[in-house]
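Model the full structure from these sequences, guided by the hints.
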Amino acid sequence: MVDMSASDGGISLLMAAEKSASEEIARARAERGEKMKLAKAEAEADIGSYKTEQENVFQLKGASDDNTGDAVKLKSETDKEIAAMKGDFAKNRDKVLEMMVNTCSDVTIVVPEARKRGN
Numbered sequence: 001m002v003d004m005s006a007s008d009g010g011i012s013l014l015m016a017a018e019k020s021a022s023e024e025i026a027r028a029r030a031e032r033g034e035k036m037k038l039a040k041a042e043a044e045a046d047i048g049s050y051k052t053e054q055e056n057v058f059q060l061k062g063a064s065d066d067n068t069g070d071a072v073k074l075k076s077e078t079d080k081e082i083a084a085m086k087g088d089f090a091k092n093r094d095k096v097l098e099m100m101v102n103t104c105s106d107v108t109i110v111v112p113e114a115r116k117r118g119n
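No gaps in the numbering here: position 70 of the sequence shown is 70 in my numbering, and each next residue is one more.
Accuracy of the hints is not assured; some may be wrong.
DSS-like mimics (lysine-lysine), calculated; alpha carbons at most 27 Å apart, straight line [what the hints assert, rightly or not]:
| no. | residue 1 | residue 2 |
| --- | --- | --- |
| 1 | K91 | K80 |
| 2 | K73 | K61 |
| 3 | K51 | K37 |
| 4 | K95 | K80 |
| 5 | K61 | K51 |
| 6 | K61 | K80 |
| 7 | K35 | K19 |
| 8 | K75 | K91 |
| 9 | K86 | K73 |
| 10 | K51 | K40 |
| 11 | K75 | K61 |
| 12 | K35 | K51 |
| 13 | K75 | K86 |
These aren't lab readings, by the way, just hints derived from the structure by calculation.
Shown next as structure tokens:
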């Protein structure tokens with residue numbers, strides 16, 4: 001009977017240690033969750049301030065570009081390039097259509113030698 005009480009004491013000790021370990025793990029997980037929430041909040045705050053800063057830089061740059069006339073120059077150049085592309089399209093349209101029709105209707109039928117001998 002002495003052995004039984006000693007083993008019961010050992011089991012009780014193991015169960016207490018397991019309970020303590022489980023509580024410690026639960027505390028660590030809770031602390032980790034809180035740290036993650038805090039880190040996320042700090043990151044969102046940093047992202048927000050960076051975004052605001054970059055928007056201000058963009059607005060200032062946009063305002064200075066409008067004053068120098070670069071936007072007008074860029075639009076003029078773009079319009080010229082678009083007009084040139086439209087002209088090229090109109091000039092080459094008929095040639096391209098003719099080439100496509102000729103390519104699609106030029107079909108060469110090749111009968112394999114095995115088929116020729118089979119008939």
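Now for the hints, and whether the structure bears them out:
The straight-line distance between the Cα atoms of K91 and K80 is roughly 16 Å, inside the 27 Å bound, and the hint therefore holds. With a C-alpha separation of about 16 Å, the suggested pair K73 and K61 falls inside the 27 Å cut-off, and the hint holds. The straight-line distance between the Cα atoms of K51 and K37 is roughly 21 Å, inside the 27 Å bound, and the hint therefore holds. Between the alpha carbons of K95 and K80 the distance comes to roughly 24 Å, so the proposed pair stays at or under 27 Å and holds.
Taken as a hint, the K61 and K51 pair is honoured in the structure, with Cα atoms around 15 Å apart against an allowance of 27 Å. Between K61 and K80 the CA atoms are separated by roughly 25 Å; this keeps the pair inside 27 Å, and the hint holds. Note on K35 and K19: the hinted pairing holds, with a Cα-Cα distance of about 24 Å set against a maximum of 27 Å. About 24 Å separates the Cα atoms of K75 and K91, which keeps this hinted pair within 27 Å; it holds.
Of the supplied pair hints, the one linking K86 and K73 holds, its CA atoms being roughly 20 Å apart against a limit of 27 Å. With a C-alpha separation of about 16 Å, the suggested pair K51 and K40 falls inside the 27 Å cut-off, and the hint holds. As the CA atoms of K75 and K61 are separated by approximately 17 Å, the hinted pair is consistent with the 27 Å bound. A threshold of 27 Å between alpha carbons decides the hint, and for K35 with K51 the separation of about 24 Å falls inside it, so the pair holds.
As the CA atoms of K75 and K86 are separated by approximately 16 Å, the hinted pair is consistent with the 27 Å bound.
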